[in-house]
Amino acid sequence: MAYATEAATPLSIWGRGDEGTIEGISGANQLAARLREVGAMPGVPVRVLRVGSTVVIQVGSSRFCLRKTDAACIKGMKAA
Amino acid sequence: MAMDIADRERPYVGRATVAVVGNPNTGKTTLFNALTGLSQRVGNFPGVTVERKVGQLTLPDIGAIDLLDLPGTYSLSAKSPDELIAVEVMMGLLKSESTIQAVLVVLDASNLRRSLYIVSQLLEIDLPLVVALNMLDVAKARGIVIDAPALSEHLGVPVIPIQANKRVGLDELKEVLSRVVEKGMVPSRKSVLPQSWWVEAEQLARKYEGVSTGLTLRVLVDNQNAFASHVVERFGDDFAADLHALRAQVNVDDALANREIELRYRWIDEVLDDVLRDPEPLRVTRSDRLDRFLTHPIWGSLSFAVIMAFVFQSIFSWAVPLMDSIDVLFGVIGGWVSGYLPEGALQSMVVDGVIAGVGGVVIFLPQICILFLFIAILEDCGYMARAALLMDRLLTPCGLSGKSFIPLLSSFACAIPGVMATRTINDPKDRIATMLVAPLMSCSARLPVYAIFIGAFIPNQNVWGGIGLQGLTLFALYCVGIFVAIPVAWILKKTLLRGQPTPFLLELPSYKIPDVGTVGMRIYQSGRHFLERAGTLILAATIVMWALAYFPRSETITAHYESERERLVGAPEEVLDGLRAKEAGEMLRQSFLGRMGHAIEPVVEPLGWDWRIGMAALASFPAREVIVAVLGTIYSLGEVDEESASLRGALRSATWSDGRKVFNIPVALSIMVFFALCAQCVSTLAVIQRETGAWRWPVLTFVYMTVLAYIGAFVTYRLGMALGWG
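One line per chain: the protein sequences are A and B, in this order.
Just so we're aligned, residue 1 is where the first sequence starts under the numbering used here, counting upward by one.
Just so we're aligned, residue 81 is where the second sequence starts under the numbering used here, counting upward by one.
I should point out that these hints are in silico values taken from the structure, not numbers from a laboratory.
Backbone N, C-alpha and C fix where the C-beta goes; we use that ideal spot for every residue, glycine too.
Some hints could be false.
[Stated by the list, open to error] Mimicking BS3-like on lysine-lysine, the simulated pairs with C-alpha atoms at most 25 Å apart in a straight line are: (1) A/K68 / B/K574; (2) B/K741 / B/K662; (3) A/K68 / B/K509; (4) A/K68 / B/K573; (5) B/K133 / B/K592; (6) A/K78 / A/K68.
[As the list claims (entries may be wrong)] Only some residues are given here: those of chain B computed to face chain A with a beta carbon under 10 Å: (7) N191; (8) R194; (9) H310; (10) D358; (11) P359; (12) H376; (13) R466; (14) A468; (15) K509; (16) L586.
Produce the complete structure using the sequences and hints provided.
Now the structure itself:
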């Protein structure tokens, strides 16, 4: 499968409706810490619900909106 | 016998306090309202201005206890000032706060994984814990199955399934809460964190009095967040040095906080393996489908505008019958009082001052209630977070974030809670910038001002599909504040409060049917607050203004009109009425208020105002609703015409000394724009001073708003006249 060789990409470049799993969150700032605390941990399913300057992502069963620039710190593996 | 009674009666002081905690949007407030009802008191935490809500709850065995509603938080690792309060209370750090005997944690069953994070932290702080598993119906509808008894077994604390909005499971919850509080059942600590962390934390805790191991563990893990910095500051340099040494010992790669989250989620996932069946975690819900439309860049913004226009139109059209009946009621009271009180200063004070003034303000109670009905519905159904999302786009260019939108939105109700709500903003510069523009949002106290002038001067005509010109004017006035706030915030962020844009993270809760109890409570509290203000601040201001408008009584004027009346004995009633009106007008003009008014007339004339409007606006600097009361008093002292018994009629018939009408559409608009922009609220300025700890910010707020208000009113008046609306 080509899946395994594909690299994780920042959620900020995902399209609307794209889904996959979280690979990790980079950065030691409070936003990164809060994202982890609300469950954005490696292996958790993720989907992009809205794109634009403010994006909406679904992490497990919760939905969060954040800026596109901030969403770049979340890396995910897009499902084929 | 006496002993018996003393035994049974639990004294108010020292009775149990239970804290209600949980993630935002878990139905925490709905549960709190359902349990405490009208017994709740809203105040502030001592020394800080986060809203503190306490209610009374009677439990089966132990009687009355206090329930304390804490700000929603995702974690005990506090990142903003309001989360800090919640954590401080639970850790027993807020000394003036009564000690917490137990914690009631509310979980969202449809979001169980995330909700369990704070539970895993709460299990380690040595307080009895009860878990209320809320929104099971939502979870069930999505095909999520939760085994509550198994969850209880894993956590080692009682788990009670409830549906707060339908009041289901509350009796069982009370019973269990009663048992837990009485026995003080502390969960046996089965920490998911390494034993070595606890050993180190305990060592540190032993060296300082009044410091618990739970507390030292938190500051050990929380590197440099709001909570850790606060504790270090509080316990001094020695503590800081010890903590630093300890961190160096335990912490090899400076990622203790990440390790904590990892360990907790590992434990949560183990628990959920046994407890939760969720066949499709990434399902598309009805909320998602709605959001495709409601958060759409074009359709979403358009629906936002339509929703707001509908709200403002309803404020007018729905309130009319209720306002008319209040108007009639005050008319009857006024007539009745006039009949009983002897003519003179006392009768004038009660009838022209209190009844005409305060009554003129109280009339707007229905509109205040309708405004809060909509605010409460939009908040409770989950729409507000979407509005914040849409507004982030507008706020980012001015250097603020959608986070600032929530406080700004609260400011539409009242700037005071709005300024307090800035505590959710982590960045201090963003926080101050938000506070400084918050008073530009049209608060509910401006509503009576808009309502009286729109009602009297803006034609009630239909523009398009049930949206009328009056509603649109009101909508436009609300927009004035918003559109002025944008450049003001931008300038502030470019000059005095220069800084980097801060991150923005906001949860979008699922849409739900608003809870009747929660909405009702919001309307009740704001209505009561409005009446209390009318009965205190507005009443006092009205009496002062009445006195200024009534005194001094001129003997010469009275004598002149007495002789005039004697000369005209037998003349028709209209002639006598005209005479009385002339006397009243002359009396007002030579009163203290009239003299002051003429002194300031040159200042307000460019705005199209006469001295009466100028004085009413000046008197409204402590609190803007005063203008309605003062106009009521001035016009009921200055006129005796039966036709103008209502303030609206009095305004319509007011004339300049040369007989021209004082009011026309440009004048009404100029007054409303002035009130939309002016900083006429002492309480707001005081709160800004308290929140920032510096006088320069409220002073700056006052100066820039007042200057903008004058310019805005001037431009509006000139533009209106140029367009031929006069």
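Hints, one by one, checked against the model:
| no. | hint | verdict |
| --- | --- | --- |
| 1 | A/K68 / B/K574 | holds (23 Å) |
| 2 | B/K741 / B/K662 | holds (16 Å) |
| 3 | A/K68 / B/K509 | holds (22 Å) |
| 4 | A/K68 / B/K573 | holds (21 Å) |
| 5 | B/K133 / B/K592 | holds (24 Å) |
| 6 | A/K78 / A/K68 | holds (17 Å) |
| 7 | N191 | holds (5 Å) |
| 8 | R194 | holds (5 Å) |
| 9 | H310 | violated (15 Å) |
| 10 | D358 | holds (8 Å) |
| 11 | P359 | violated (12 Å) |
| 12 | H376 | holds (8 Å) |
| 13 | R466 | holds (9 Å) |
| 14 | A468 | holds (8 Å) |
| 15 | K509 | violated (15 Å) |
| 16 | L586 | holds (5 Å) |
Hints 9, 11 and 15 from the earlier list are contradicted by this structure; the remaining hints agree with it.
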